[in-house]
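Engineer: Okay, here's what each chain looks like letter by letter:
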Amino acid sequence: MKRDVLERVLWSLSIDRFSKEKFKENPEKFLSRFPLEAEGVRMILEFDVKGLQEVGVSPLLTMGYWIEMSPDRHMSSYNKKLGSESDFSASIKG
Amino acid sequence: MAEIVGGFLVPHDPVMFVARDAAPADQAEKVWGAFESCAERLAESGATTVVIVGNDHYMLFGTTCLPKYCIATGHVEGPLDQLPGLKKELVNNNEALATAIAEHGSETGFDWAVARSFTTDHAFSIPYQLIVKRAAELSGREIKAIPVYLASAVDPFITTHRARELGEQIREAVLAFGGDEKVAFIGSGGISHWVGTKESGKVNEVFDNRIIDLCCSMDIAGLAALSDEEILDQGGNGALEIRNFICAMEAVNAVRGELVEYQPVPAWVTGLGLIELKVA
Chain A
77 MKRDVLERVL WSLSIDRFSK EKFKENPEKF LSRFPLEAEG VRMILEFDVK
127 GLQEVGVSPL LTMGYWIEMS PDRHMSSYNK KLGSESDFSA SIKG
Chain B
67 MAEIVGGFLV PHDPVMFVAR DAAPADQAEK VWGAFESCAE RLAESGATTV
117 VIVGNDHYML FGTTCLPKYC IATGHVEGPL DQLPGLKKEL VNNNEALATA
167 IAEHGSETGF DWAVARSFTT DHAFSIPYQL IVKRAAELSG REIKAIPVYL
217 ASAVDPFITT HRARELGEQI REAVLAFGGD EKVAFIGSGG ISHWVGTKES
267 GKVNEVFDNR IIDLCCSMDI AGLAALSDEE ILDQGGNGAL EIRNFICAME
317 AVNAVRGELV EYQPVPAWVT GLGLIELKVA
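Going down the list, the sequences are from chains A and B. Counting from 1 along the first sequence, just add 76 to a position and that's the residue number in this note's numbering. Counting from 1 along the second sequence, just add 66 to a position and that's the residue number in this note's numbering.
Honestly, the hints are just simulated from the structure, not real lab data. Don't take every hint at face value.
What the hints assert, rightly or not - Quick list of in silico lysine-lysine cross-link-like pairs, BS3-like style, CA-CA up to 30 angstroms: (1) K78/A - K153/B; (2) K199/B - K98/A; (3) K264/B - K157/A; (4) K248/B - K100/A.
To be verified - Take a look, some chain A residues computed to stay more than 12 angstroms from chain B by CB distance: (5) M77; (6) R79; (7) L82; (8) K100; (9) E101; (10) N102; (11) P103; (12) E104; (13) A114; (14) E115; (15) R118; (16) V131; (17) L136; (18) W142; (19) M145; (20) E161.
Idealized CB from N, CA, C, for every residue including glycine.
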């Protein structure tokens, strides 16, 4: 799977207010605008940050999208998703 | 003719701002105090403009365009990623000098990406607000700042060799600039830190001290010789920001570096090193 469109989507969800709102309203509809494979859609919807990194997506983007869009936004949950034992919990965003 | 009066290598750790109390108090005090010391030293240097060499964190530049190196030549504000105690504000850019650096580059083989109206991220704004702005307050004089952004965190990365060449080009452009500007440089980033990866929170003191030794001995070739594989393994993806150090060090052409402070702070996910680049 190529990282290019995945990174475009995650960048939008990290930075762009309009994209964030549309994703929150209807995530499947928002993602249908992008030429994503089914597995890519699944990883984004399930916040599978480990899977996204394994296909080459930048950790800066998996973290940014997690902080902006995930249900609990906590870095401790993010770390667990990655398989880390770290209990570090501070977000890099204010 | 403009003059280069010195420089600094400092971290830009946002966790210092969002989790101030997470670090042991003595370490926190030393790091915040070291930034203040850098501000005092910059105030004493007589600098009138500071070029801050930082890097985007996949916020400012998206997938549609990823420049290897970019300079802001006009309006500047930031940071985009506001933090507690680091709010967005206008930056007093030295537009004339920034434009001269870009134009000098065009004539000498450095095709700068130019930002006419730019929003910084924390890589610029942390050293700007803690050091440059503070030095202006301490000295009572105006100190302008120019953002230079290298591709040090988002691939395709600028090579360490090119970062060094770019520092030399900036230096030549500054020295060719008319007037009586006194210019300092800040290399913003590092040292060891893992950003967004499962190793986040790890700090490698051995690697950090190796980098500090190379910086203090002005061994730019030694820094540039480090492979990305070695940096990623020993210092994490955040340590690729050493490119910013290389560019700033080449621009300053200092005789030595002086360690202001080093603190390994896992709670702030970073080995924080602050170094002054001394020209005499």
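Engineer: State the violated hints by number, sorted upward, taking the hints as numbered earlier in the document.
Structural biologist: 1, 2, 4, 6, 7, 17, 18 and 20
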